[in-house]
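Novice: Those sequence lines, one after another, are chains X and S. Note that the UniProt record's numbering has the first sequence beginning at 1, numbered continuously upward. Note that the UniProt record's numbering has the second sequence beginning at 1, numbered continuously upward.
There may be inaccurate statements among the hints.
Claimed, not checked - With the C-beta cut set under 8 Å, the calculated list includes, among others, these residues of chain X facing chain S:
| no. | residue |
| --- | --- |
| 1 | ILE397 |
| 2 | PRO708 |
| 3 | ARG738 |
| 4 | GLU772 |
To be verified - Here are the simulated EDC-like cross-link-like pairs (lysine to aspartate or glutamate), alpha carbons at most 16 Å apart as the crow flies:
| no. | chain 1 | residue 1 | chain 2 | residue 2 |
| --- | --- | --- | --- | --- |
| 5 | S | LYS415 | X | GLU77 |
| 6 | X | LYS220 | X | GLU77 |
| 7 | S | LYS378 | X | GLU771 |
Hint data in this document are derived by calculation from the structure and do not stem from the laboratory. For each residue, glycine too, the CB sits at the ideal point set by N, CA and C.
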Amino acid sequence: MASKAEAMAGAKPQDPKSQMASTPKSSPDHFSFTSSFSLKSLKLKTKQQELLIRVTILGLVYVLAFITRLFSVLRYESMIHEFDPYFNYRTTLYLTEKGFYEFWNWFDTESWYPLGRIIGGTLYPGLMVTAALIYWTLRFLRFAVHIREVCVLTAPFFASNTTLVAYFFGKEIWDSGAGLVAAALIAICPGYISRSVAGSYDNEGVAIFALLLTFYLFVKAVNTGSLAWALASALGYFYMVSAWGGYVFIINLIPLYVLVLLVTGRYSMRLYIAYNSMYLIGMLLAMQIRFVGFQHVQSGEHMAAMGVFFLIQLRNERDEGNLLVLQQNVFYFLNWVKHLLNNTKLFHTFLRITVTATASLGVIAFVVGTASGYIAPWTGRFYSLLDPTYAKIHIPIIASVSEHQPTAWSSFMFDFHILLFLFPAGLYFCFKRLSDATIFIVMYGLTSMYFAGVMVRLILVATPAVCLISAIAVSATIKNLTSLLRSKSKVVHAGSTKGSGSTKGSSKVSSAADRSAPCTFVCKDFVFRLFDAYLLLMASVDQSLPYQKNAAIALLVGAFYLLSRYVIHCTWVTSEAYSSPSIVLAARGAYGNRVIFDDYREAYYWLRQNTSPDAKIMSWWDYGYQITAMGNRSVIVDNNTWNNTHIATVGRAMASYEDEAYEIMRSLDVDYVLVVFGGVTGYSSDDINKFLWMVRIGGGVFPVIKEPDYLVNGEYRVDKGAAPKMLNCLMYKLCYYRFGELRTEYGKPPGYDRARGVEIGNKDVKLEHLEEAFTTSNWIVRIYKVKPPNNRW
Amino acid sequence: MVHFRMNPVMQKQFLLPGGVCGNSLHEGGKTGVLSSELGEHDANESAAQSISGATASIAECMEAINSMKTIAFMIQNSEEADCKHPTNLIAVSCSQRAILLNSVSNHQSQGLRESAMATQLRLRNAIAFPLFVSLSILALSTFAVSNQDLQITNAERRIDLSSHIIKVFLTLKVENTGTSPASEVLLAFPPTQVDHLALLKAAVVGGKKKKRTYTSLDVNPKLPDGPNEMKYFSVTLLNPLKASEAVTLEVLYILTHSLEPFPSEISQSESQLVYYRDSAIILSPYHIKQQTTFMRTPTTKVESFTNVEPTSRTGLELKYGPYSDQPPHSFSPIIVHFENNQPFAVVEELVREVEISHWGSIQVREHYKLAHAGARLKGVFSRVDYQSRPSVSGAASFKQLLARLPPRVHSVYYKDGIGNISSSHLRIDSRKSELEIEPRYPLFGGWKATFVIGYALPLQDFLYESSDGRRYLNFTFGCPIADTVVDKLTIKVALPEGSRNPTAVVPFPVEQHLETTYSYLDVIGRTVMVLEKSNVVPEQNSAFQCFVLHIWTSTVRLRWHHDDTGWLEQDEKGLWDVVEEEYDEPPRKKRKGWRREEGRRRKAIIG
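Chain X extracted, bound-state conformation (with noise of 0.2 Å):
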């Protein structure tokens, strides 16, 4: 505990410093450093200066995070990625061409087949209506842009948005440094790069830059007590509702956040308005998207706001000084009551009756409610994003998902590299200097890490909060490191720090300091040893000049070392790893030449163009979308999971012998069946490595298939050792026919399949009641027809 003291004495001559720098308007004679700059010819002033520098890296920040985006636009071409995208593309093609009504009001055919879906009530269309509106916008200026350039660049404008949005979060929580360097971290960090490339037009493109905006506002709102700041929160958390399911994650983390201030006893009027009117109109905003509706007052995932709204109804200002117990909070109309009973005994028993009454009846409101079915139980996603291993058992369709895996620690190494380290000194900083808003940007940052431990793709999530808790350690770190270096009027800065430090920012900061010591936090703990040891060192320079000064440049000369290798390897991740398609695959040829696998636009541009327009095709869920988007036509199933039963039929159908499996493509009214191999590229995502989440979505409806059929020993193989219901099921079939023919490597068999490395175990493939219709030149996807029956007489 010493030693801690000494780290906190040792400390806090330099946190009014940085104090100071937040606020530069009041002392600008602060940045000593402009003595010595060549801006001073242009005979600024200092603030102007300084404006101008932050305007200026600022702008360069929001250009490098668009330009770093377009990796894949001059790798491939301006393309839409993936298999949500392609969805959205095809939404907001309607859209521009038949207008909002007819797009909202939209009936699709061409999905789900026989049952179709209502698209204007099961999307989120925040996206497509905003670029729409882009597009719109440029047409009428008269730039003659296509929807699609439109689409492929509404990620990399948003992500420019989210770093202007990050800086002023940075500034809110911290200083304006800390938010520059929020906004640089942001604009190319990994975790966030990889949902927003150019040609990522997904909804969390926008809805990263709506989040962060809604966090920031509320925040705001929160610091000001302003009703305007509130009710734009409100209308970012719409525009967020309107633009991701991820809005679950808002909806409870402030009411979360509310708790926690309430808890600590960090009450206030601007907390109550800031809340009320947030949640409130956010509420009634968020109903009007058809897809959301009343899940707000019936669902369990918004109840918990909607509890924090009456809670926060109990509080009573008065009362806000008390830290401690919820007991003695009351109505604002309990004052009258008070008045009136005129005793304090009885009084309290009065109270004590209202709140365990109200309490007790919210209860029973809620267990009535979610029995009668009136308020919706937990959804399965939101399960398993409280219990990791809840998807695996339950829900097959949400663990085959590659992007709902647990995340590897390689991958949060992958997309947060130094940033990873920098976190934990952010959080240190923040509790150094708690404030409602640091508080709220660490239990953002510890949430959503949680979550991306849970997740990989809610790394998303995740990375504005790490981004702007590492901006603060590196902030607040070369701050105070550079201050060192400047340290020649050390003792007129100690004097004037101290003679400013009856400021409204410091006064506010050191006494939450004082209220936060009831607290005690594991990690806090945890992060205050783990910096102990560096601020010890920072303490014992203090004594001795020279060498403090040679440590500080040791330490810049680090950070800035370990900053460049961020930018290196964040340029690395977005080339290598983010910038491709996936519809066009790239791999090297023998002589090192690119070589483009573009299989997937070729089938399905023979689809669209050679198939009846009402043709039915049958694949996995995962080409739904593309081939509706691309091959403009019907399919059976697609990635808008929303009817496992359907799914399963087609699994059940990929996992059974060719006449069962033609019974129920009979049924279905297939046409087509499209599958994807990648036993003559090595392409390793194909239909064969999916195909045991076939058959266990498909066993999990249809008993008949049992997985242990199509393994041996719990081995998955396809060579000759495999199980044979396993060589002669529908999928294998079609993935395999007439390919024993062929022969793929060099010194290798014929028949021998590349992306799994084996011989195929059945090489003379019959197909009775199916024919080859079309394979791609690289044979990733083969189209089949379904024959119609043989004639009875």
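Let chain X serve as the given structure and place chain S on it in line with the hints.
Specialist: Just chain S now, kept in the frame of chain X:
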């Protein structure tokens, strides 16, 4: 030639659908109206005899008789108007119905002419005759005159069947046997060919053997149509052909969609067989003294061909004739069944958007709807077979096309509705640019592909200023892809903003209208000149260098370069030669055999 005769019973049935007219025809027949061989047969017999041809179906004959009724009606009327002479009617029917009445013998022509004159005079005297009838009869009569004035002493026809675009080179030596000078020569086409006629050009040959010169001539459709919907085109001679003088004409015409795949569905490994239908004898309104027809098939594999003696086949060449002394409108249907695995690339619709930029470039976007118009693919497409035995499997398919773009082309792209198509190669040299494109998948019979080719060109290569200060853009009309037929071609030329009232001059009839479009940063929009034409073949690229745009504003004026004859001057830089290379070679270079002959002709006609 195979003639068939009907027995009277058959003939009765045959004439019945004519109804009243049929009866009148019959009456006419009694008076010898349709007797082509006077005094030798009765009318019925001769009418029956007139239907000739080995494969002429009954239905065809019915149709012919049906369409005869108008004439027959007129005949009846004219009979009423004191017109009892049988021969005048023969004259009429000869010109109108001659496809059927090909047995009109040569020695009658003199008499026919005289009688036609007589008809004319008499008809003029007819008082109660409806005006339109008299007019048409007048026209017919003048036909008859010109018919008989000219005769073709020697005709040679070469039909190139080596691709799906059929090129026919016709050399006619025309002699004026009449007394008055003739200013035009008629070419006749059966209706089936007229529908598929993409191009028709004629040139007159001058000079001696060594120094031959070719002067192109105007060719225009001539109304009214001939009998049985036969269409006439008149070639206007430079100088009227005086009596007993002769002139040699070279005619090129191109037919599309004239090869019918048979069988119409083939499997992947089969090669494609097609039918070609034509007449062994050149259809002409004139008497032809001597004629020969050569056909060149793409391979030596010819399943069958109609034998019209003398017919012979050597290697790739199929020879019909020589036939001598064929009367006007002789027709002898033939069918040739042969192998043709050439790409049957048909662009069902092509929209070329040409956008002229203020900034010195022309942006061209071409939207293609390509189809394989050959025999449809039956059953499976097997990639294994296609890859492992490329020569055998998929012989009738094609996967590559060549687009010849202007030189100095840049910013070329090749894409479709879902993005870039990576399989293309661009070769640029100083004279031309060649873009080799592969659709996403090989095209089998019946398969389709749509795609877009876009490129930019420097404006100074195409924009000129005429002496009156107007500016004109000189651009190619047709489709840059070699060996394709374009069923419907639309060219949209977006002029720079502010241009008004453009006019286009195209040397062949096209539909035109104006539109407005908005491009980058436009305020009032750009005027778009839209030109539409159906059935376009690549030969129209080089010859018809498109249209003239006059824009009557002071800012920008566009006009096309154009000379008196309707043939474009060849000296502009902007012209690029898309004619096959052999025509670019100097004429002194030796060429051999068929190709040489064909080359010479084509050069002559194309110019």
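Novice: Taking the hints in turn, state whether each one holds.
Specialist: Evaluation of the provided hints:
| no. | hint | in the structure |
| --- | --- | --- |
| 1 | ILE397 | violated (28 Å) |
| 2 | PRO708 | violated (33 Å) |
| 3 | ARG738 | holds (5 Å) |
| 4 | GLU772 | holds (5 Å) |
| 5 | S:LYS415 / X:GLU77 | holds (11 Å) |
| 6 | X:LYS220 / X:GLU77 | violated (40 Å) |
| 7 | S:LYS378 / X:GLU771 | holds (12 Å) |
Checked against the numbered hints given earlier, the structure breaks hints 1, 2, 6 and satisfies all the rest.
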